[in-house]
Amino acid sequence: MVPTNYYVILSAILFGLGVFAFIFKRNVITIFMSIELMLNAVNLAFVAFSQALGKLDGQVFVLFVIVVAAAEAAVGLGIIILIARNRQTLNVERVDLLKL
Amino acid sequence: MRALLSANVGLVITIIKIALLLFIVLTVNAYLTWFERKVVAHIQSRWGPHRVGPHGLLQPLADGVKFLFKEDPTPAGADKFVYFLAPLLALALALTSIAIIPFGPDPLPWKVLGHEIYLGIAPLNLNTGILALFAITALGVYGVALAGWSSNSKYPLLGGLRSSAQMVSYELALTMSVVGVLLMAGSFNLRDIINAQARHPQWGILGWNVWPQILGFFCFFTAAVAETNRVPFDLPEAESELVAGFHTEYASFKFAMFFIAEYTSMITVSCLCAIMFFGGWLSPFPASWTLTHYLPSVILIPFGLWVIMDGVRYETVFGRLVLPGVGSVIAALGLAFIVLPSVNEFIQGPFWLLSKILTFLFVYVWMRGTLPRFRYDQLMAFGWKLLLPISIVNVILTSFVILAKMQWGAK
Amino acid sequence: MTAPLIVFFVLAALAVIGAISLILQKHPIHSALSLIVVMVALAGLYLLMGAEFVAAVQIIVYGGAIMVLFVFVIMLLNAGVEEHTSISKIAGAPGLLLVVALAAFVAATLAKSGASVQAATQTGALSSTKGISEMVFKDFVYPFELTSFLILVAILGATVLAQREKG
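Protein chains in written order, with the working numbering: chain F, 1 to 100; chain G, 1 to 411; chain S, 1 to 167.
Think of the hints as simulated: they come from the structure by calculation, not from any bench. Any given hint might turn out to be false.
Chain S is nowhere near these chain F residues, computed Cβ spacing over 10 Å in every case [to be verified]:
# : residue
1 : Lys25
2 : Val95
3 : Leu97
4 : Leu98
To give an idea of the interface, some chain G residues facing chain S are shown, with a C-beta separation under 8 Å as derived from the structure [as the list claims (entries may be wrong)]:
#  : residue
5  : Val82
6  : Asn127
7  : Thr128
8  : Leu131
9  : Ala132
10 : Phe134
11 : Ala145
12 : Trp149
13 : Ser164
14 : Val168
A quick note: this is a predicted structure, and the numbers were derived from the prediction, not measured. C-beta: ideal position from N, C-alpha, C; glycine also.
Take the sequences, apply the hints, and build the full model.
Below, the structure is given as structure tokens:
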């Protein structure tokens with residue numbers, strides 16, 4: 001069997017990569033995708049602990065996280081479309097003032 | 001080497017099964033195109049392919065050779081990686097979905113190297129049978145969307161977006177319409193679903209899921225036709241509307257990959273309809289009518305003899321030699337089933353499943369020859385405003401009936 | 001080197017390569033494709049752990065719906081290659097080092113935790129789907145209903161946001 005630590009370390013690595021992408025990428029959509037990557041890393045940790053403890057709570061929570069991520073992605077992408085329409089750009093460094 | 005092989009006999013058998021099944025599926029695809037062209041032609045009062053071999057039987061071969069030798073241009077400005085990935089993805093996903101389908105209840109009458117060989121690649125206790133299939137279908141949207149986008153051209157982009165929006169919309173109705181069957185069977189495993197329909201072997205055709213789940217069946221079949229982008233839902237790839245939709249800029253082999261992917265998903269959907277709603281490998285006759293076990297032989301022997309007689313009419317090699325050869329093999333098979341009862345029992349399941357699959361494929365092709373296509377807004381309205389509510393109503397009704405049965409059964 | 005361990009390393013390598021590719025790719029559509037690879041690899045890992053329902057839901061919802069949404073938006077907005085802006089490369093290098101240090105610190109702490117939570121044997125008694133559905137509909141029924149409200153709110157919000165301005 002694969003020790004649980006391996007899964008959690010992989011989850012930490014993926015989370016770190018997600019944070020890196022969030023901070024250093026300039027395209028708004030890519031930043032949003034890095035948020036999804038971070039959520040996935042957390043899901044992996046949840047399922048790993050659920051398997052280690054033998055209970056199914058972790059997997060139920062993962063389902064809820066996936067649902068919330070779906071709702072958030074829908075609304076977030078709607079906002080991104082509006083930003084793209086109003087500011088004509090997808091570069092976050094140009095969207096840093098409330099003034100158009 | 002020999003030790004490695006003997007330790008993993010199960011794996012080796014599975015790999016051989018996969019290779020065999022791939023070969024069979026690709027051949028069936030090729031002859032499905034022939035079947036479609038012939039049937040649509042006869043519906044339209046013409047003959048279809050009839051020159052390339054007796055009855056046009058070599059037409060798929062000619063088409064295959066054509067696809068291999070045509071020029072394969074890449075549009076300027078296309079994103080090369082995605083342009084190459086899209087048909088590959090579509091084909092890989094379509095072919096993977098065949099792995100989940102069980103083709104027969106019993107293993108082969110002989111054991112190979114101590115292992116029983118069941119028909120079907122998936123293991124017997126695959127707990128997420130149908131769910132895995134939906135996962136594969138869900139990923140199939142990417143093949144279409146990426147193909148349309150990467151061609152760097154208007155018509156494919158529009159066609160790809162429309163087609164993927166259509167596939168995503170009908171996916172919901174598809175999955176919801178199956179929930180009724182799953183509630184009745186109590187499991188995702190396809191073998192369990194068929195066994196749940198065999199609870200009353202004396203009912204034969206009346207025990208199948210289609211009678212209690214008639215709403216679910218129509219929802220599923222309609223949604224599946226929309227999912228595979230077939231008429232009447234094929235606006236995104238209609239010739240008169242969008243040139244050829246998302247596969248406009250694809251030629252020769254890549255187009256052939258999309259083509260094969262579409263026909264393979266047709267086959268998968270027909271298998272699913274047969275398994276989930278029409279009893280899979282169960283015979284429509286009650287189990288006590290054992291004379292019907294000779295039906296495969298009764299059908300195969302005259303058909304084989306007819307093929308022999310038809311073949312000798314032609315003067316070509318294919319007609320004089322191959323067709324009578326095939327005919328005699330078919331007739332010999334039919335005779336073998338009468339002579340060997342254990343093989344006859346084994347072949348009952350796959351025979352009924354295959355006939356049901358062929359019936360559904362015929363219905364697919366029949367619809368193509370008969371029905372006009374939906375306009376895009378009608379198509380989306382149909383999916384969201386009609387099919388999805390109907391499938392949800394089906395789930396609610398089924399759950400109420402099951403609950404009522406449980407309450408009355410408890411009393 | 002048992003078979004599950006080999007499968008784990010293959011899938012983990014795939015996930016990490018996908019995540020790194022997400023960072024390194026210039027076009028957002030390639031980043032989206034890399035993220036899909038990560039999600040499929042994670043679904044494989046969930047299968048390896050015996051969480052088959054979660055794996056299927058991950059592919060169907062995350063891979064088949066959410067990422068499709070991302071891909072649609074990228075296509076609609078015609079997002080192009082990222083432009084060069086004035087971010088200083090000097091700040092990038094220490095940043096990367098710090099992130100690596102953070103991840104290494106977390107990983108080392110976890111690896112050293114002596115009483116490592118050993119993986120329990122496969123849940124053979126209660127199958128994953130049955131167990132999850134019992135929990136969702138009995139213990140967690142209120143959060144379940146709330147998520148349906150959440151989805152309704154998200155649908156309404158997205159519809160309102162996407163409308164064109166009148167007049």
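Hint check:
1. Its beta-carbon lying about 7 Å from the closest one in chain S, Lys25 of chain F breaks the requirement of being farther than 10 Å from that chain.
2. With a least CB separation of 12 Å from chain S, Val95 of chain F remains clear of the 10 Å interface cut-off, as annotated.
3. The Cβ of Leu97 of chain F lies farther than 10 Å from every Cβ of chain S, with a closest approach of about 15 Å, so its non-interface assignment holds.
4. Non-interface call for Leu98 of chain F relative to chain S: holds, since the shortest CB-CB distance, roughly 18 Å, exceeds 10 Å.
5. This hint holds: Val82 of chain G has a C-beta 7 Å from the nearest C-beta of chain S, less than the 8 Å allowed.
6. Hint on Asn127 of chain G holds. Least Cβ distance to chain S is approximately 6 Å, under the 8 Å limit.
7. Interface restraint check: Thr128 of chain G against chain S, minimum CB-CB distance 5 Å, threshold 8 Å, status holds.
8. Residue-level restraint check for Leu131 of chain G holds (minimum Cβ-Cβ distance to chain S is 4 Å; threshold 8 Å).
9. Hint status for Ala132 of chain G: holds, given a least beta-carbon distance of 6 Å to chain S, under 8 Å.
10. Contact between Phe134 of chain G and chain S, as hinted, is supported at the beta carbon level, the nearest pair being about 6 Å apart and thus within 8 Å.
11. Taking 8 Å as the C-beta contact cut-off toward chain S, the hint placing Ala145 of chain G at the interface holds, the least distance being around 6 Å.
12. With a cut of 8 Å, the hint placing Trp149 of chain G at the interface with chain S holds, because the nearest CB-to-CB distance is about 5 Å.
13. For Ser164 of chain G, the interface hint holds, since its Cβ comes within 8 Å of a Cβ in chain S; the closest pair sits about 7 Å apart.
14. Hint status for Val168 of chain G: holds, given a least beta-carbon distance of 6 Å to chain S, under 8 Å.
Checked against the numbered hints given earlier, this structure breaks only hint 1.
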